[in-house]
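A.B. asks: Sequence:
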Amino acid sequence: RYTPLDTDARTIFLALYLEPAWLARLERAFMTCNRPGFFPRPGMVIGPTIRRRVRDLIVMLRAEDHDPSLISETIFTLAAEVMHGTAATGLIHDTVSQYGFSDYRIRRAIRMMHDIDAPLGLEQIAQRAGLSRPRFNQLFRACTGVSPGIYHASLRLEFAVNDLGIARRPINLVSDALGFSAQSNFTRFFQQHVGVVPSEFRRVAEALRNDGQQPESRAG
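Residue numbering for the sequence shown follows this note's numbering, beginning at 1 and increasing consecutively.
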């Protein structure tokens with residue numbers, strides 16, 4: 001637990017969203033990073049190497065003449081260091097062998113969760129899997145190592161980040177596609193997990209995309 005000495009000082013939060021496909025391209029050892037149980041614990045000790053890398057990245061991001069390629073390289077390095085520090089070694093090599101989803105009802109539930117085109121709530125998923133909600137929670141955790149709520153939320157968040165930052169779909173359509181009853185509920189969900197509202201996330205993603213597409217200036 002950290003208590004700041006200067007409560008009036010400005011605080012900078014650096015949040016990295018680790019998208020599975022991006023991590024797989026970063027390093028083949030992370031091919032199974034989207035499998036439950038890949039991270040055996042929710043946190044890690046921040047050592048001097050990672051702390052120094054974070055400071056360097058913050059300096060780059062705040063610089064007016066920052067180099068997008070250097071920033072990308074630093075983010076890649078930082079992500080790799082964090083992943084190696086938190087991921088379960090055995091799962092890096094073979095997640096499937098440990099969490100094979102042997103129960104057909106859990107396999108069916110996971111397929112339903114991945115079907116974003118027909119979003120269902122956890123209560124509906126449990127019913128269609130032929131399980132009571134308490135039994136579903138218990139069996140899901142036994143098979144995957146995480147609760148169905150965490151697994152489901154992670155999938156929805158991954159879809160939302162992709163649609164807002166890459167596909168650039170309207171926020172209300174993303175909210176509807178994920179099965180939220182109101183856009184305000186989606187906004188609250190997104191902000192709780194990412195740290196910013198969807199519109200702000202999209203604005204920053206768009207700015208970074210445009211910045212990376214700027215042609216290099218050449219001395220004439």
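Bear in mind the hints are in silico, worked out from the structure with no lab data behind them.
Keep in mind it's a predicted model, so treat the numbers as computed, not measured.
We put the beta carbon where it would ideally sit given N, CA and C, even for glycine.
It is possible that part of the hints are untrue.
Label pairs and their computed distance ranges (CB to CB) [claimed, not checked]:
# : residue 1 : residue 2 : range
1 : Val204    : Pro134    : 37 to 45 Å
2 : Ser147    : Glu200    : 22 to 30 Å
3 : Asn210    : Ile58     : 32 to 40 Å
A.B. asks: A range of 37 to 45 Å was offered for this pair. Does it hold for the Cβ distance of Val204 and Pro134?
C.D. replies: Holds: the Cβ-Cβ distance is about 41 Å, inside 37 to 45 Å.
A.B. asks: If I claimed the Cβ atoms of Ser147 and Glu200 lie 22 to 30 Å apart, would that claim hold in this structure?
C.D. replies: 29 Å, holds
A.B. asks: Quick check on a hinted range of 32 to 40 Å for Asn210 and Ile58, using CB atoms only.
C.D. replies: 21 Å, violated
Checked against the numbered hints listed earlier, the structure breaks hint 3 alone; every other hint is satisfied.
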